[in-house]
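**Student:** Assemble chain B onto chain A, guided by the hints.
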Amino acid sequence: MLHIKCPYCGIRSQNEFAYGGDASVKRPELNKDVPDKEWDDFVYNRKSLRGKHIELWHHVSGCRQWFKAQRDTATHEIFKTATMNEEI
Amino acid sequence: MQKYSVFSLIKNAFSDHMNWEVAWKDPTPKKEYDVIIIGGGGHGLATAYYLAKEHKITNVAIIEKGWIGGGNVGRNTTIIRSNFMYDANGRFNEFGMDLWRNLSQELNFNVMFSPRGIINLAHSDAQMNAYARRGNSMRLNGIDAVLLGREEVKKHIPMADFSDDVRFPIFGGLMQPSAGTARHDAVAWGYARQADSMGVDIIQHCEVEGFNITNGKITGVRTSKGEIKAKKVGLCVAGSTNILAEKLNMTLPIETHCLQACVSEPVKPLLDGVVTFGAGHFYISQSDKGEMVMGGDLDGYNSYAQRGNLPTIQHVLTGGLALFPFLSRLKMLRTWGGIMDMSMDGSPIIDKTHIDGLYLNCGWCYGGFKSTPVSGWTFAHTIAQDRPHELNSELSLNRFSTGYLLDEKGIGTKTWVG
Chain A
1 MLHIKCPYCG
11 IRSQNEFAYG
21 GDASVKRPEL
31 NKDVPDKEWD
41 DFVYNRKSLR
51 GKHIELWHHV
61 SGCRQWFKAQ
71 RDTATHEIFK
81 TATMNEEI
Chain B
1001 MQKYSVFSLI
1011 KNAFSDHMNW
1021 EVAWKDPTPK
1031 KEYDVIIIGG
1041 GGHGLATAYY
1051 LAKEHKITNV
1061 AIIEKGWIGG
1071 GNVGRNTTII
1081 RSNFMYDANG
1091 RFNEFGMDLW
1101 RNLSQELNFN
1111 VMFSPRGIIN
1121 LAHSDAQMNA
1131 YARRGNSMRL
1141 NGIDAVLLGR
1151 EEVKKHIPMA
1161 DFSDDVRFPI
1171 FGGLMQPSAG
1181 TARHDAVAWG
1191 YARQADSMGV
1201 DIIQHCEVEG
1211 FNITNGKITG
1221 VRTSKGEIKA
1231 KKVGLCVAGS
1241 TNILAEKLNM
1251 TLPIETHCLQ
1261 ACVSEPVKPL
1271 LDGVVTFGAG
1281 HFYISQSDKG
1291 EMVMGGDLDG
1301 YNSYAQRGNL
1311 PTIQHVLTGG
1321 LALFPFLSRL
1331 KMLRTWGGIM
1341 DMSMDGSPII
1351 DKTHIDGLYL
1361 NCGWCYGGFK
1371 STPVSGWTFA
1381 HTIAQDRPHE
1391 LNSELSLNRF
1401 STGYLLDEKG
1411 IGTKTWVG
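First to last, the sequence lines map onto chains A and B. Quick note: the first sequence uses the working numbering, first residue 1, plus one each step. Quick note: the second sequence uses the working numbering, first residue 1001, plus one each step.
There may be inaccurate statements among the hints.
Unchecked claim - Lysine to aspartate or glutamate pairs mimicking EDC-like chemistry, simulated, CA-CA at most 20 Å apart:
#: 1; chain 1: B; residue 1: LYS1231; chain 2: B; residue 2: ASP1386
#: 2; chain 1: A; residue 1: LYS47; chain 2: B; residue 2: GLU1246
#: 3; chain 1: B; residue 1: LYS1414; chain 2: A; residue 2: ASP40
#: 4; chain 1: B; residue 1: LYS1352; chain 2: A; residue 2: ASP40
#: 5; chain 1: A; residue 1: LYS52; chain 2: B; residue 2: ASP1125
#: 6; chain 1: B; residue 1: LYS1331; chain 2: B; residue 2: GLU1291
#: 7; chain 1: B; residue 1: LYS1414; chain 2: A; residue 2: GLU55
#: 8; chain 1: A; residue 1: LYS26; chain 2: A; residue 2: GLU86
#: 9; chain 1: B; residue 1: LYS1414; chain 2: A; residue 2: GLU38
#: 10; chain 1: B; residue 1: LYS1331; chain 2: B; residue 2: GLU1265
#: 11; chain 1: B; residue 1: LYS1247; chain 2: B; residue 2: GLU1227
#: 12; chain 1: B; residue 1: LYS1268; chain 2: B; residue 2: ASP1288
#: 13; chain 1: A; residue 1: LYS47; chain 2: B; residue 2: GLU1209
#: 14; chain 1: B; residue 1: LYS1031; chain 2: B; residue 2: GLU1227
#: 15; chain 1: B; residue 1: LYS1229; chain 2: B; residue 2: ASP1356
#: 16; chain 1: B; residue 1: LYS1154; chain 2: B; residue 2: ASP1125
#: 17; chain 1: B; residue 1: LYS1414; chain 2: A; residue 2: GLU86
#: 18; chain 1: A; residue 1: LYS37; chain 2: B; residue 2: GLU1246
#: 19; chain 1: B; residue 1: LYS1414; chain 2: A; residue 2: GLU16
#: 20; chain 1: B; residue 1: LYS1414; chain 2: A; residue 2: ASP22
#: 21; chain 1: B; residue 1: LYS1247; chain 2: A; residue 2: ASP41
Since the hints were derived computationally from the structure, they do not count as laboratory data.
Isolated chain A, as found in the complex:
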């Protein structure tokens, strides 16, 4: 069982959260010519590395806020969590 620290509610059990994937993915800029490669990288291509991973979580059975977490994908240690507008 992961124990995840919601930046708004504090430490709660994994059962209250939903996962949201890689948080480092950036949507291509609006109103700009975007090459196909950039769309591919945004929609499909992922690094998904072993080790530190910055990802989105949703406190869906709690305050319903989305936030960011830095977690190790091999050990599942969660190093820190942050609100969406904070750098991690």
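**Tutor:** Coordinates of chain B only, in the frame set by chain A:
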């Protein structure tokens, strides 16, 4: 190579089974190979076998960081099926079914292929319609499919909960009678033994640390046992695909996730084939030893841990109990996990890459075992001929750019939800 038979078994019994030949050698790597296959799992071993057998390329090495068959080929729940809707997936896997049917004879190794059928349960009229469509698509590709009504399902699995007050009442199901199971370790060992006998070097405990690429062409790999030159290199590393892709400066439409499975204590035979309960995120079969073999959801977040988390097991078995209440009286024997190369449309990739001489076999999600023979067969063709075979021409890497996706389940890019 010593042929396995009842006579060799009797003969070796007289010497207390102390004089069996080793099944495969433990060679030190040569300086150079025609082809290096990275990954000594089912797909890698099958690829090497078909390279030697179908294409007469025997100067081949398989490089494995652990021991052969220690990854997903030894961790799956052994289900073999070809109940796909899309032509590309259906034809590919039905070709594989033909390879399965003859595999024990071909490898002179009993892989215990046992086609006892798979039933996907349906719980609404809409789902019955969807399964009728899927079944028709399968039959158009020559795959057997039977739409079962509620009473017919009851004949196959009378011990399921058929009462009316359940959350997901059983309306019927789609059955592929020719689907089944096999002994997974035997598949790996059978391919390894035959590949070795044809001259393939199986190099275990040898981790790839980097690639040598000159002018856009692969020239070899750097490993924990030194540099090895190669004209061609094939990647068959499933859950480690993203790790090697990083060393190649590639990003792929793949995410790595942990999938768990579990077995109960052995009981007398009660379940003949495989039953999937999609609505309950649960599937089940019974092994020859009598254990109930069960699985379901991914752990739900990117993971390289080859062991899982208990909330997922609890979730999966809650679904299992809803379908088969008798499971509550069984003890759990083991749970384990493996890491999956989840592709963004749920279908695999067997293709060339932008690097000359480098070939990619990945994206098997949680369905790699059933495709082991056909994956090896088509990947060997792709490597030997430097172009995909017709069977894997649509399992291309660039389909994510062109939009010709094979999204069998239609779940999009949230790989962890599937």
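**Student:** A separate judgement is required for each hint: does it hold in the structure or not?
**Tutor:** Hint-by-hint comparison with the structure:
As the CA atoms of B:LYS1231 and B:ASP1386 are separated by approximately 12 Å, the hinted pair is consistent with the 20 Å bound. For the proposed pair A:LYS47 and B:GLU1246, the alpha carbon gap of about 7 Å is at most 20 Å, so the pair holds. Under the criterion of a C-alpha separation no larger than 20 Å, the hint pairing B:LYS1414 with A:ASP40 is consistent with the structure, at around 15 Å. Restraint check: the Cα-Cα separation between B:LYS1352 and A:ASP40 comes to about 18 Å, which is no more than 20 Å; the hinted pair holds.
Between A:LYS52 and B:ASP1125 the alpha-carbon distance is near 45 Å, which puts this suggested pair outside the 20 Å criterion. Taking the CA atoms of B:LYS1331 and B:GLU1291, the gap is about 10 Å. The hint holds against a cut of 20 Å. Distance restraint check for B:LYS1414 and A:GLU55: the Cα-Cα separation of roughly 13 Å lies within the 20 Å cut-off, and the hinted pair is therefore satisfied. A threshold of 20 Å between alpha carbons decides the hint, and for A:LYS26 with A:GLU86 the separation of about 15 Å falls inside it, so the pair holds.
Straight-line distance between C-alpha atoms of B:LYS1414 and A:GLU38 comes to about 19 Å, which keeps the hinted pair within the 20 Å bound. Simply put, B:LYS1331 and B:GLU1265 have alpha-carbon atoms about 6 Å apart, close enough for the 20 Å limit, and the pair holds. Restraint check for B:LYS1247 and B:GLU1227: the C-alpha separation of about 15 Å stays at or below 20 Å, so the hint holds. The suggested pairing of B:LYS1268 with B:ASP1288 holds, with an alpha-carbon distance near 10 Å, which does not exceed 20 Å.
Of the supplied pair hints, the one linking A:LYS47 and B:GLU1209 holds, its CA atoms being roughly 18 Å apart against a limit of 20 Å. Of the pairs offered as hints, the one joining B:LYS1031 and B:GLU1227 holds, with about 8 Å between alpha carbons and a cut-off of 20 Å not exceeded. For a cut-off of 20 Å, the pair hint linking B:LYS1229 to B:ASP1356 stands: about 14 Å separates their Cα positions. The straight-line distance between the Cα atoms of B:LYS1154 and B:ASP1125 is roughly 17 Å, inside the 20 Å bound, and the hint therefore holds.
With a CA separation close to 24 Å, the supplied pair B:LYS1414 and A:GLU86 exceeds the 20 Å bound. Pair hint A:LYS37 plus B:GLU1246 holds up; C-alpha atoms about 17 Å apart against a cutoff of 20 Å. Simply put, B:LYS1414 and A:GLU16 have alpha-carbon atoms about 19 Å apart, close enough for the 20 Å limit, and the pair holds. The suggested pairing of B:LYS1414 with A:ASP22 holds, with an alpha-carbon distance near 10 Å, which does not exceed 20 Å.
At most 20 Å may separate the alpha-carbon atoms for a hinted pair to count; B:LYS1247 and A:ASP41 meet this at roughly 18 Å.
Checked against the numbered hints above, the structure violates hints 5, 17; every other hint is satisfied.
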